[in-house]
Amino acid sequence: MTKPSPFGLALIAGFVVAFAGALSAALAEDAKPAAEPVSHEAQFDSQKWSFTGPFGSFDNAQLQRGYHVYKQICSNCHSMQLLSYRNLGEDGGPEFSPEAVTTLASEVQVTDGPNDKGEMVQRPGRPSDRFRSPFSNDAAARAANGGALPPDLSLMAKARPGGPDYIYSLLTGYRQTPAGFDLAPGMHYNIAFPGHQIAMPPPLFDGAVPYTDGTKPTVDNYARDVSAFLMWAAEPKLEERHELGARVVIFLIAFCVIMFLAKRTVWARLHPKAAHTA
Amino acid sequence: MAHSSSSYEPSTGVEKWVDERLPIPRLMHDQFLAFPTPRNLNYWWTFGGILTFMLVSQIATGVVLAMHYVGSVDHAFDSIEHLMRDVNWGWLLRYTHAVGASMFFLAAYIHTLRGLYYGSYKAPREILWMLGVLILFMMIATAFMGYSLVWGQMSFWAITVITNLFSSLDAVVPGIGTRLVEWIWGGFAVGGPTLTRLYSLHYLFPFLIAGVVVLHIWALHIPGNNNPTGIDVKSPRETIPFHPYYTIKDGFALALFALFFACFVFYAPNLLSHPDNYIPANPLQTPAHIVPEWYFLPFYAILRAIPSKLFGVAALIGSIAVLFFVPWLDTSRVRSTSYRPIYKWFFWAFVLTCIALGYLGSQPPEGIYLVFGRILTAYYFLFFLVVMPVVGWIEKPKALPGSITESVLGPQETPVAAAKPAPQRRAPEPVA
Chain A
1 MTKPSPFGLA LIAGFVVAFA GALSAALAED AKPAAEPVSH EAQFDSQKWS FTGPFGSFDN
61 AQLQRGYHVY KQICSNCHSM QLLSYRNLGE DGGPEFSPEA VTTLASEVQV TDGPNDKGEM
121 VQRPGRPSDR FRSPFSNDAA ARAANGGALP PDLSLMAKAR PGGPDYIYSL LTGYRQTPAG
181 FDLAPGMHYN IAFPGHQIAM PPPLFDGAVP YTDGTKPTVD NYARDVSAFL MWAAEPKLEE
241 RHELGARVVI FLIAFCVIMF LAKRTVWARL HPKAAHTA
Chain B
1 MAHSSSSYEP STGVEKWVDE RLPIPRLMHD QFLAFPTPRN LNYWWTFGGI LTFMLVSQIA
61 TGVVLAMHYV GSVDHAFDSI EHLMRDVNWG WLLRYTHAVG ASMFFLAAYI HTLRGLYYGS
121 YKAPREILWM LGVLILFMMI ATAFMGYSLV WGQMSFWAIT VITNLFSSLD AVVPGIGTRL
181 VEWIWGGFAV GGPTLTRLYS LHYLFPFLIA GVVVLHIWAL HIPGNNNPTG IDVKSPRETI
241 PFHPYYTIKD GFALALFALF FACFVFYAPN LLSHPDNYIP ANPLQTPAHI VPEWYFLPFY
301 AILRAIPSKL FGVAALIGSI AVLFFVPWLD TSRVRSTSYR PIYKWFFWAF VLTCIALGYL
361 GSQPPEGIYL VFGRILTAYY FLFFLVVMPV VGWIEKPKAL PGSITESVLG PQETPVAAAK
421 PAPQRRAPEP VA
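Quick note, the sequences are listed as chains A and B, same order.
Just so we're aligned, residue 1 is where the first sequence starts under this note's numbering, counting upward by one.
Just so we're aligned, residue 1 is where the second sequence starts under this note's numbering, counting upward by one.
No lab work stands behind these hints: they were computed from the structure.
Among the clues, some could well be false.
What the hints assert, rightly or not - Just some of the chain B residues that point at chain A, by a computed CB distance under 7 Å: (1) Glu81; (2) Arg197; (3) Leu201; (4) Phe242; (5) Ile248; (6) Gly251; (7) Phe252; (8) Leu256; (9) Pro275; (10) Pro283; (11) Leu284.
Unchecked claim - Just the calculated beta-carbon pair ranges, DEER-fashion: (12) B:Leu204 <-> A:Gln176: 43 to 49 Å; (13) B:Ala288 <-> A:Thr218: 44 to 50 Å; (14) B:Phe311 <-> A:Ala139: 41 to 47 Å; (15) B:Pro25 <-> A:Arg264: 26 to 32 Å; (16) B:Leu259 <-> A:Ala184: 48 to 54 Å; (17) A:Asp220 <-> B:Ile368: 36 to 42 Å; (18) A:Asp220 <-> B:Gly191: 41 to 47 Å; (19) A:Ile258 <-> B:Ile24: 26 to 32 Å; (20) A:Asp220 <-> B:Leu259: 35 to 41 Å.
Here a beta-carbon is modelled for each residue, glycine too, at the ideal position from N, C-alpha and C.
My request is simple: use the sequences and hints to build the entire structure.
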């Protein structure tokens, strides 16, 4: 037993495997068979976006189109409570002109107050107002949507696996219900939605939102543009982050090179000395 | 080494005046500039400095984040979004802090495995090692509480799952676990009181960690550093002053680490966290899969591998607590795994086991995942409780180099300190 004997090694390995196997077998009794294979997994492919990659940035025109899609379609049911109209004019976003932002804000009526008579008043929106929510509370939203709550979209592009790819796939994922699929009443068949049953009816159809910049008004373009818009809404500092990141990374690479050379120079002092004294 | 007389010479009147009253400059000089350090430390030894940097980074970003955070169930989530959107550089602070937690754990795990590989826990460094395990425990608590503060869906349900672990004590004394959980919650469910106490403790713990880190460094500076050979330093020639040699080497490693860190912060800040935490906490809706952050996944796999809740919790705590006993579980006479032909294989199998458990922790606990989870959990504990004592006992280590100098420069023809062969920590020749 003085050598690192293969016998000893095998003994220990055998012991480990045997013990683990026995333990596992003992514990496996209550291991339920895996749930029946789920054939309704969400299916979506990654799309090409202008904002992915280290140098990615938003396409302002796309975000502006996306805002119009949100405004005219999505905002009928979905709130975006974390966004303000002023955000639409900020750098790294849709970058609407200040006048356009004021106009977009003033198109909605918001409840303000109480005034000095103690009454709530309606007034046109200002850029500092949050996006107006379609329903005054969640219960009202459910009541208007057959019991389903349309989720807030402010962070949607970061709150689902796949992000904008998922949103695009969901918006273009409505299909004919396959034969034999048990679709609950009031639900719709969508291949991108987990479980394939979604309460939201197909929201987009060709020509639903007029585009003025020559982009084809198709469901595919609407879905793509509004997904990009929601990505910006969820991550409004993405461009700032990418720009600062490039500078920080370039600095750190240079700093690493300098530190490496400095380290080598300092440590070189040891070598001749070590050779002599040794 | 730490007991060697100080080489500090106050050069000005002011330094002399301070030195006679509160000799902090002398302490800094002796412990951080002149401190004799083995000359053969490799880059695995740079993670101590990296961890110090990460602790400071987390505290610095965290203190500023706390200026903008509102610890209330109604405002916590929105206050963070306010920070991300409307506070100058708020996104940078928050991503640095969130990604920083991952980087902190990555460095801590590498640092721990380095200690494990080179036997840095063996005499006379047992207390040093145990303080490190204590820091790891406190880091886990701090990270968990910090993740809770986001008050997203994963935060809320992680608090629910983790605090409910204490109810397993009901199996020991009926009712005591439930009472304990309600006491922790400050109510009958996870809610406002839970959030505020987690916030308070999340702010407290990093400073406790900093205190234990001071003890950890103190305990390091009594015996001095271990080194890749695991042989004790035998002559002053085998050491070099910490500054400039290790300040520059640690600095280079830190710069590389910062580069890696920055790539995540700027280009993939959400890669290491779960999308569900961008959904505000909703006590009425349980996520399909509740999974912890990646750095807890191996422990989560161990928890779920055990069918009994009480023993699962015991295994969870035991999986880290067992590290406290490593200095006495390892019976080998040599420190460094490099000279341990049998143990080496078990060590690397252990590393792979930890990684595999991490993967299994991210999968649903059913079918083949559960079977492998149980086998690997068994190996995790067997490694400490059986392999360490048994292999150390039966294994014959490879011949150690005569000295650190010899390990670096090869066998010496005229050894400098060869008046007498220094005592070596070598396995004794076995008696037949």
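Here is what the structure says about each hint:
1. The closest approach between the C-beta of B:Glu81 and any C-beta of chain A is roughly 5 Å, which is under the 7 Å cut-off, so the hint is satisfied.
2. Below 7 Å, beta-carbon pairs count as interface contacts, and B:Arg197 has none with chain A, the closest being about 27 Å; its hint is therefore violated.
3. For B:Leu201, the suggested interface contact is broken, since its CB lies about 27 Å from the closest CB of chain A, more than 7 Å.
4. Using the Cβ-Cβ criterion of 7 Å, the hint placing B:Phe242 at the interface with chain A is not satisfied: the shortest such distance is roughly 12 Å.
5. Interface restraint check for B:Ile248: the shortest CB-CB distance to chain A comes to about 5 Å, inside 7 Å, so the restraint holds.
6. A cut of 7 Å between beta carbons decides the hint on B:Gly251: the least distance to chain A is about 5 Å, and the hint holds.
7. The beta carbon of B:Phe252 is positioned within 7 Å of a beta carbon in chain A (closest approach about 4 Å), and the interface hint is therefore held.
8. Given hint, B:Leu256 at the interface with chain A, holds; its Cβ is 6 Å from that chain's nearest Cβ, closer than 7 Å.
9. Hint status for B:Pro275: holds, given a least beta-carbon distance of 5 Å to chain A, under 7 Å.
10. Taken as an interface hint, B:Pro283 does not check out: its beta carbon lies about 14 Å from the nearest beta carbon of chain A, beyond 7 Å.
11. The beta carbon of B:Leu284 is not positioned within 7 Å of any beta carbon in chain A (closest approach about 11 Å), and the interface hint is therefore violated.
12. For the pair B:Leu204 and A:Gln176, the beta carbons lie near 58 Å from each other, so the given range of 43 to 49 Å is not met.
13. Judged by the Cβ atoms, the range 44 to 50 Å given for B:Ala288 and A:Thr218 is violated: they are separated by roughly 33 Å.
14. Separation of B:Phe311 from A:Ala139 is about 44 Å and conforms to the stated range, judged on CB atoms against 41 to 47 Å.
15. About 30 Å separates the C-beta atoms of B:Pro25 and A:Arg264, a value consistent with the hinted range of 26 to 32 Å.
16. In this structure the supplied range 48 to 54 Å holds for B:Leu259 paired with A:Ala184, their Cβ-Cβ distance being about 52 Å.
17. Judged by the Cβ atoms, the range 36 to 42 Å given for A:Asp220 and B:Ile368 holds: they are separated by roughly 40 Å.
18. Taking the beta carbon of each, A:Asp220 and B:Gly191 are about 45 Å apart, inside 41 to 47 Å as hinted.
19. Separated by about 30 Å at the C-beta atoms, A:Ile258 and B:Ile24 satisfy the suggested range of 26 to 32 Å.
20. In this structure the supplied range 35 to 41 Å holds for A:Asp220 paired with B:Leu259, their Cβ-Cβ distance being about 40 Å.
Of the hints listed earlier, those the structure fails to meet are numbers 2, 3, 4, 10, 11, 12, 13, in rising order.
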